[in-house]
Amino acid sequence: MADPTDDYASAVDEYLARAYEGDRRRAVLARGGWDPTFAAELADLGWYALAVPESRNGLGEPLSTLGPVFAQYGRHLVAGPLLESTLLPALLETDLLIRAVGTGAPPALVDPGITDHWTSDVGSVTLADGRLRGVVHAVRFAPQAEVLVVVAGSEHGPSIHVVDPRAPGVTVEDLASADPSATFGRVVLDDVEAGESAGDDVAVTRLRSWARLLLACELGGLAQRCVERTLVHVREREQFGRPVGSFQAVKHIAATMHVRAAGLADLCTAALSDADGASVDDLAVTAATVKAHAAHVAPLVCEDALQLQGGMGFTAENELSAYYRHALALRGWYGDPTELELRVGAAVLGTRPAPERQP
Amino acid sequence: MADPTDDYASAVDEYLARAYEGDRRRAVLARGGWDPTFAAELADLGWYALAVPESRNGLGEPLSTLGPVFAQYGRHLVAGPLLESTLLPALLETDLLIRAVGTGAPPALVDPGITDHWTSDVGSVTLADGRLRGVVHAVRFAPQAEVLVVVAGSEHGPSIHVVDPRAPGVTVEDLASADPSATFGRVVLDDVEAGESAGDDVAVTRLRSWARLLLACELGGLAQRCVERTLVHVREREQFGRPVGSFQAVKHIAATMHVRAAGLADLCTAALSDADGASVDDLAVTAATVKAHAAHVAPLVCEDALQLQGGMGFTAENELSAYYRHALALRGWYGDPTELELRVGAAVLGTRPAPERQP
Amino acid sequence: MTAVLDDLDTYREEVRSRLAEMDVPDVPLELDARFAVLRRWQQVLFDAGWLGIAWSREAGGQGLTPMHQLVVVEELVRARAPQPIGLIGLDVVGPSIDLYGTAWQRRELLPRLLSGQDIWCQGFSEPDAGSDLASLQTRAVRAGDEFVVSGQKVWTSWAHEAQWCALLVRTDPEAAKHAGISYLLVDMASPGVTARPIEQMTGDREFCEVFFDEVRVPRRNLLGEENAGWSIAMHTLGTERAAATLRRRVECEVALEDAVAELRRHGADDDRTRAAIGRAHIALRVLGARTRRTVARLAAGAGASPEDSVDKLVLNDAEQTLFAQLADLLGPLRATPGVRPRGLRSERWVHDHLFSRAASIYGGSAQIQRNIIAERLLGLPRG
Amino acid sequence: MTAVLDDLDTYREEVRSRLAEMDVPDVPLELDARFAVLRRWQQVLFDAGWLGIAWSREAGGQGLTPMHQLVVVEELVRARAPQPIGLIGLDVVGPSIDLYGTAWQRRELLPRLLSGQDIWCQGFSEPDAGSDLASLQTRAVRAGDEFVVSGQKVWTSWAHEAQWCALLVRTDPEAAKHAGISYLLVDMASPGVTARPIEQMTGDREFCEVFFDEVRVPRRNLLGEENAGWSIAMHTLGTERAAATLRRRVECEVALEDAVAELRRHGADDDRTRAAIGRAHIALRVLGARTRRTVARLAAGAGASPEDSVDKLVLNDAEQTLFAQLADLLGPLRATPGVRPRGLRSERWVHDHLFSRAASIYGGSAQIQRNIIAERLLGLPRG
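Residue numbers (our numbering), protein chains in the order written: chain P, 2 to 360; chain V, 2 to 360; chain B, 33 to 415; chain U, 33 to 415.
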């Protein structure tokens with residue numbers, strides 16, 4: 002196993018098992034998923050810099066290296082703006098962003114393009130005359146963000162802008178969160194200076210594609226851990242004088258869970274191995290495919306885990322419930338199965354590239 | 002059990018078990034589902050006249066009486082134009098029709114409204130200046146029909162017309178059939194005399210609603226028989242030194258089959274008990290609901306039956322395969338689950354009455 | 033039958049109009065406040081004559097039928113009014129005491145149970161006795177005129193607020209597992225009883241763990257014969273399950289009505305919304321059709337039956353389909369209660385969706401129900 | 033590894049360009065005509081050097097790797113060309129004879145098997161031995177230098193056309209069931225052998241019942257040791273299953289390509305079509321990703337493994353999803369082959385949909401695969 006990719010993931014796994022699982026995770030989740038000390042710790046460890054170019058003091062690994070690492074984030078239910086802190090500085094070479102992330106200060110991604118079917122509910126941002134206007138009603142970690150990456154639409158197509166949340170015209174409102182490992186806010190942009198564009202339509206498509214891929218990997222790891230925990234449970238738990246895992250009905254559910262989690266892991270692996278060299282259009286289709294499958298399968302695996310772990314799985318104390326609620330939160334982020342199946346189908350039928358409808 | 006409805010169904014069940022199951026059914030299916038002798042026999046038995054008004058020498062039973070009878074047709078996989086021969090003379094008081102059906106001569110229902118999502122594939126018929134023009138590409142038993150009941154559209158809305166297949170301008174082409182118990186033809190109407198209207202838009206909605214209800218009942222009986230046969234099989238069949246029905250995985254599939262078939266039967270019973278007195282709008286929603294569920298559930302029950310009966314279930318000799326192919330043919334006839342869920346949803350959301358989009 | 037149904041219609045009209053004039057309480061989220069409100073509400077319902085409807089008059093009830101009771105349950109749901117807090121007492125424990133209790137037990141316990149003065153909880157399940165309830169290990173040892181009880185129960189609703197507990201205990205560890213169980217009526221104020229609420233995934237905290245540490249229970253608090261507790265518990269669970277299914281059915285229908293009203297106000301009528309609502313409606317029609325059969329069985333006085341297991345699975349499926357469809361309509365905004373996608377109140381639908389996942393576990397898991405159906409209804413051989 | 037892959041790419045290019053110049057035969061539906069065409073095609077493939085690719089040169093093969101064989105399989109599918117008719121001989125029986133056969137068996141049987149002169153069938157399953165294959169009852173009794181075989185086999189592809197049968201028989205009825213089985217090579221022309229095709233739901237008639245009535249088989253036709261037949265059969269089944277999975281994967285991909293081409297020609301691009309094609313594509317991507325792992329296992333020389341069962345379930349799911357989605361797009365016009373809804377050739381898609389339902393049965397039912405996964409891969413205790 003000389004593959005450095007696996008080395009990163011193993012190191013992350015090892016660290017998280019040692020320094021995060023258990024009390025630490027409980028504490029971070031109890032705080033709603035945001036813990037600045039923990040975020041700074043990950044920054045110190047260099048985890049955010051994995052795919053940042055060497056010219057900017059990153060490790061310069063290809064983006065695909067992040068996939069197995071995100072699977073570990075999923076397995077260990079790591080809370081915090083991992084997606085934003087890891088992906089944005091790797092894709093957008095903006096000083097402001099890279100400086101912020103280097104200290105563990107979280108960026109937020111103000112992107113109305115998280116969905117095709119809830120566009121009017123999510124909001125939109127428009128760029129005109131160098132000014133940003135609009136509102137996005139659901140932005141992960143917006144209340145904590147020290148830098149905002151805004152995807153705006155204009156008559157010239159979508160573009161990306163890096164904005165200081167303290168800039169005039171920016172308002173961030175706290176929102177309640179149903180995701181145990183993320184906070185949310187509403188971002189209102191009222192005539193905000195847009196500054197230079199940090200990316201064009203191609204950059205937006207790449208950004209969203211990579212978000213889909215990494216979320217899928219996270220869901221894959223999450224599903225994998227639900228299988229692992231369930232196996233431990235059904236081997237230990239006895240009813241009717243024998244381990245429940247010896248009942249054929251339980252075995253078959255466990256086997257189905259394993260097949261689903263393994264299939265998802267294989268899909269992520271295959272997609273990542275092609276992703277770095279793929280064209281932006283191919284990457285978009287691959288990412289939609291993988292995220293659609295992950296969003297479909299991971300909640301099912303969680304539900305089977307809940308079924309096999311019985312009442313105990315439903316207690317807040319048992320972290321399975323947090324895994325499930327996180328899986329459900331990620332399910333619709335950057336496309337739920339129904340939206341993405343339509344995108345993939347359109348692409349396969351030749352209406353490609355899968356169009357970015359938002360903004 | 003003083004309910005006369007159950008008496009009819011019991012009598013039908015008894016007769017079919019005695020005079021149809023086995024060699025007779027094999028022979029009728031081998032002929033592609035049409036056997037004039039058998040059709041005449043059912044006419045003699047008065048089965049087609051059950052819901053025909055007494056004033057026209059029918060038995061004058063309410064239409065809901067047909068439901069349990071159609072469940073028996075489904076249980077025994079009765080081939081032939083049961084739907085057309087039973088429903089049309091009960092709903093449309095046209096002499097031509099009632100005379101034909103009385104002798105066992107089959108009517109065909111030339112209705113483009115069997116679907117919302119394949120309208121351009123199915124064709125359409127237009128009424129203008131008292132003439133019918135158009136083509137319907139899939140009509141059950143059209144090649145054998147001695148009378149055609151045509152649903153046509155015009156600027157005044159849909160209407161129903163009874164047409165002689167030998168009339169000038171009518172062409173009927175044979176089609177191959179993938180339904181073991183029905184033949185199909187294409188009906189071309191080229192400037193055909195429409196005659197008097199035998200029904201308006203309300204009649205069309207009632208006709209389609211009752212078609213949906215009775216098809217659902219047929220699918221319900223079909224599913225019920227698949228459960229019965231599967232239970233016999235798994236009790237008798239031994240593997241690993243014990244009946245396969247003693248394995249928990251097999252038990253759970255059998256239990257799921259039973260719950261589905263029983264739920265569908267309950268749904269049909271409840272719908273029928275409300276149907277005779279229902280408004281045309283309520284009936285339309287109920288019928289779409291019941292058919293959507295039947296079309297979803299019956300094929301699933303068949304698939305589980307195939308799974309539990311193993312290789313033998315897949316042989317043409319084993320009639321399970323004919324049950325399955327018939328279920329799949331009925332699945333999309335007058336609406337598959339996807340189409341009908343949309344109709345039902347629209348009605349519940351208040352866009353009712355569920356609009357007849359066709360013709 | 034027709035006369036009974038006419039009578040029921042009149043009764044329903046009366047309940048509905050009286051209910052329309054009452055102040056239906058809002059139920060606070062905070063646990064103690066909720067309990068207090070619900071307890072006051074139980075007193076209101078008692079005063080209205082709507083508790084113990086099917087109980088004999090001598091036991092303090094109304095002497096009507098289970099169908100009348102069902103009418104009240106349904107009308108409460110339709111009026112968006114809470115159920116009485118003491119459901120366990122009213123539906124499970126009370127009928128058992130009425131049937132199996134001594135004169136003293138009936139006289140002392142039933143009136144206070146009915147009025148809501150005493151809230152009862154049900155100490156059946158244990159950490160190691162879930163699906164296999166009969167393997168319960170909480171011990172009760174005779175010491176003179178008392179039983180001394182030690183052990184742990186779990187999934188005990190409202191135990192931290194209850195005055196009494198209907199407790200299944202093992203009194204004969206040597207007997208076959210169903211045969212060594214007794215049914216004790218335990219005062220929750222007894223020394224040695226500790227109840228601890230367990231927070232659920234939904235955020236609810238009604239369920240408790242209850243610990244018994246050498247709790248002394250007078251012998252007169254034994255319900256029925258010693259070592260005959262299992263059949264008492266099973267007898268009343270049957271009726272309670274049917275009642276719970278019927279209540280839950282109405283709750284599901286009300287939920288769909290509420291969701292549809294939210295969607296309508298917002299003007300959501302796209303194909304995706306239609307498909308979801310269509311699927312939900314169909315699943316509830318199947319449940320509705322099934323419960324007609326259940327009501328007929330109840331009206332005919334049927335007791336526990338393997339048909340209950342079919343009811344349970346149909347209910348599970350309807351409930352999980354309904355709330356999965358509604359949750360699906362929240363899309364990515366499921367994560368942000370407060371933002372109302374398509375007009376839907378996501379905090380409620382997220383809660384109900386999570387709760388619906390437990391439907392296939394509590395009251396006998398889906399796996400247990402399938403075993404029962406296969407063996408007792410379909411006659412498949414035991415493994 | 034890179035060198036091998038480069039070599040494979042070159043090999044694939046060569047196969048593809050040579051195949052492009054060949055006359056790929058149309059396969060008639062009529063059974064005898066089909067057999068004749070496919071047999072001629074096997075001769076063409078043999079002459080091209082594309083049979084026995086992974087066999088040793090001394091056995092008449094090409095001495096290349098299973099990866100090369102896979103390349104040919106894939107390119108045949110991509111070219112819409114049929115597979116050789118003698119797949120059972122090539123993938124299952126041949127490798128077993130090569131590994132376990134006597135010098136006489138290898139010399140006499142392998143060359144004719146490879147060239148397609150002899151077609152082999154596989155007499156494993158019996159009417160009462162499906163999932164529980166080891167309970168087979170076909171008896172072989174030693175009589176001097178012969179075995180006398182009586183019994184019945186089923187699901188034997190092409191038995192009515194085959195020259196030879198690889199037959200599992202019980203030679204020791206007293207032994208434990210896996211230990212009393214021998215592997216015989218039976219000349220189908222022997223007196224007492226009768227084969228009868230069984231028509232399938234799809235209309236196909238390749239499978240047969242085969243009856244053995246006191247058939248005399250020379251002792252030299254015993255493969256391996258007496259009573260050691262089970263392990264021989266299991267050994268080669270593993271490789272065959274992996275190969276079949278990989279072949280089927282390419283067939284599914286080609287099917288989707290063909291369906292998409294039909295839909296495109298028709299201009300079908302509504303949301304319903306998109307959703308169906310999207311789902312099908314996703315299911316096939318999962319299968320594709322899974323088979324990368326399988327190929328890596330094969331390339332590393334792995335034999336039968338419980339991972340094969342995961343492959344099988346992933347394949348089942350992909351195949352059943354694909355064809356269910358395509359069949360769904362036929363709507364009510366599924367019933368009328370000839371009418372082409374949305375441009376789809378419904379006769380093909382109806383056939384393939386029905387065939388896909390058998391995918392979870394043949395080669396070990398989905399239930400058997402789940403048992404294997406749970407016990408051998410996940411380590412859950414036996415029941």
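To be clear, the hints were calculated from the coordinates, so they are not data collected in a lab.
Quantities reported herein were computed from a predicted structural model and do not represent experimental measurements.
Any given hint could turn out to be false.
[Stated by the list, open to error] Simulated restraints on C-beta separations:
{"hint": "1", "chain 1": "U", "residue 1": "Asp41", "chain 2": "P", "residue 2": "Ser56", "range": "30 to 36 Å"}
{"hint": "2", "chain 1": "B", "residue 1": "Arg324", "chain 2": "V", "residue 2": "Gly47", "range": "48 to 54 Å"}
{"hint": "3", "chain 1": "U", "residue 1": "Ser182", "chain 2": "V", "residue 2": "Asp175", "range": "44 to 50 Å"}
{"hint": "4", "chain 1": "P", "residue 1": "Ala31", "chain 2": "B", "residue 2": "Val286", "range": "42 to 48 Å"}
{"hint": "5", "chain 1": "U", "residue 1": "Ala331", "chain 2": "P", "residue 2": "Ser280", "range": "51 to 57 Å"}
{"hint": "6", "chain 1": "P", "residue 1": "Val233", "chain 2": "B", "residue 2": "Ala208", "range": "53 to 59 Å"}
{"hint": "7", "chain 1": "U", "residue 1": "Asp177", "chain 2": "V", "residue 2": "Ala18", "range": "52 to 58 Å"}
{"hint": "8", "chain 1": "P", "residue 1": "Arg243", "chain 2": "B", "residue 2": "Arg324", "range": "38 to 44 Å"}
{"hint": "9", "chain 1": "B", "residue 1": "Arg408", "chain 2": "P", "residue 2": "Glu318", "range": "32 to 38 Å"}
{"hint": "10", "chain 1": "V", "residue 1": "Gly47", "chain 2": "B", "residue 2": "Asp303", "range": "52 to 58 Å"}
[What the hints assert, rightly or not] If you want the footprint, here are the derived chain B segments under chain V, 3+ residues with CB under 8 Å:
{"hint": "11", "stretch": "237-246"}
{"hint": "12", "stretch": "277-283"}
[Said to hold, decoys possible] Far from chain B, by Cβ distances over 10 Å, these chain P residues were calculated:
{"hint": "13", "residue": "Glu62"}
{"hint": "14", "residue": "Ile115"}
{"hint": "15", "residue": "Ala139"}
{"hint": "16", "residue": "Leu176"}
{"hint": "17", "residue": "Ala179"}
{"hint": "18", "residue": "Phe185"}
{"hint": "19", "residue": "Arg187"}
{"hint": "20", "residue": "Gln249"}
{"hint": "21", "residue": "Ser280"}
{"hint": "22", "residue": "Gly311"}
{"hint": "23", "residue": "Glu318"}
{"hint": "24", "residue": "Arg326"}
{"hint": "25", "residue": "Ala330"}
Here a beta-carbon is modelled for each residue, glycine too, at the ideal position from N, C-alpha and C.
Against the structure, the hints:
Separated by about 35 Å at the C-beta atoms, Asp41 of chain U and Ser56 of chain P satisfy the suggested range of 30 to 36 Å. Checking the proposed 48 to 54 Å range against Arg324 of chain B and Gly47 of chain V shows it is violated: the Cβ atoms sit about 31 Å from each other. Here the CB-CB span from Ser182 of chain U to Asp175 of chain V is close to 48 Å, well matched to the stated 44 to 50 Å. With their beta carbons about 34 Å apart, Ala31 of chain P and Val286 of chain B fall outside the hinted range of 42 to 48 Å.
Distance hint for Ala331 of chain U and Ser280 of chain P: a CB-CB separation of about 28 Å, inconsistent with the stated range 51 to 57 Å. Take Val233 of chain P and Ala208 of chain B: their Cβ atoms lie about 31 Å apart, and the range 53 to 59 Å is violated. For the pair Asp177 of chain U and Ala18 of chain V, the supplied restraint of 52 to 58 Å holds, since their beta-carbon distance comes to about 56 Å. A C-beta distance of roughly 40 Å is found between Arg243 of chain P and Arg324 of chain B, which places it inside the suggested range of 38 to 44 Å.
The supplied range of 32 to 38 Å is met by Arg408 of chain B and Glu318 of chain P, whose beta-carbon atoms lie about 36 Å from each other. Separated by about 45 Å at the C-beta atoms, Gly47 of chain V and Asp303 of chain B break the suggested range of 52 to 58 Å. Three residues within the 8 Å Cβ limit are the bar, and the stretch 237-246 of chain B against chain V gives 0, so the coverage statement is violated. Only residues whose beta carbon comes within less than 8 Å of a beta carbon in chain V count, and the stretch 277-283 of chain B has 0; fewer than three means the coverage is violated.
With a closest Cβ-Cβ approach of about 29 Å to chain B, Glu62 of chain P is found to remain outside the 10 Å limit, as its non-interface label requires. The Cβ of Ile115 of chain P sits about 5 Å from the closest Cβ of chain B, inside the 10 Å cut-off, so the non-interface label is violated. Remark: the non-interface label on Ala139 of chain P conflicts with the geometry, its nearest Cβ contact in chain B lying 5 Å away (cut-off 10 Å). Annotated as non-interface, Leu176 of chain P brings its C-beta within 10 Å of a C-beta of chain B; the closest such distance is 5 Å.
Distance check for Ala179 of chain P against chain B: the nearest CB is about 5 Å away, which does not clear 10 Å, and the non-interface claim fails. At roughly 5 Å, the least C-beta separation between Phe185 of chain P and chain B is not larger than 10 Å, which violates its mark as non-interface. Distance check for Arg187 of chain P against chain B: the nearest CB is about 8 Å away, which does not clear 10 Å, and the non-interface claim fails. Once the 10 Å rule is applied to beta carbons, Gln249 of chain P is inconsistent with being away from chain B; the minimum gap is 8 Å.
Interface exclusion of Ser280 of chain P from chain B stands, the closest Cβ pair being 27 Å apart, more than 10 Å. At the 10 Å boundary, the C-beta of Gly311 of chain P falls inside the reach of chain B, the nearest C-beta of that chain being 5 Å off. Under the 10 Å C-beta cut-off, the non-interface status given to Glu318 of chain P relative to chain B is violated; the minimum distance is some 7 Å. With a least CB separation of 7 Å from chain B, Arg326 of chain P falls inside the 10 Å interface cut-off, contrary to its annotation.
Here Ala330 of chain P does not stay apart from chain B, with its beta-carbon only about 4 Å from theirs, under the 10 Å limit.
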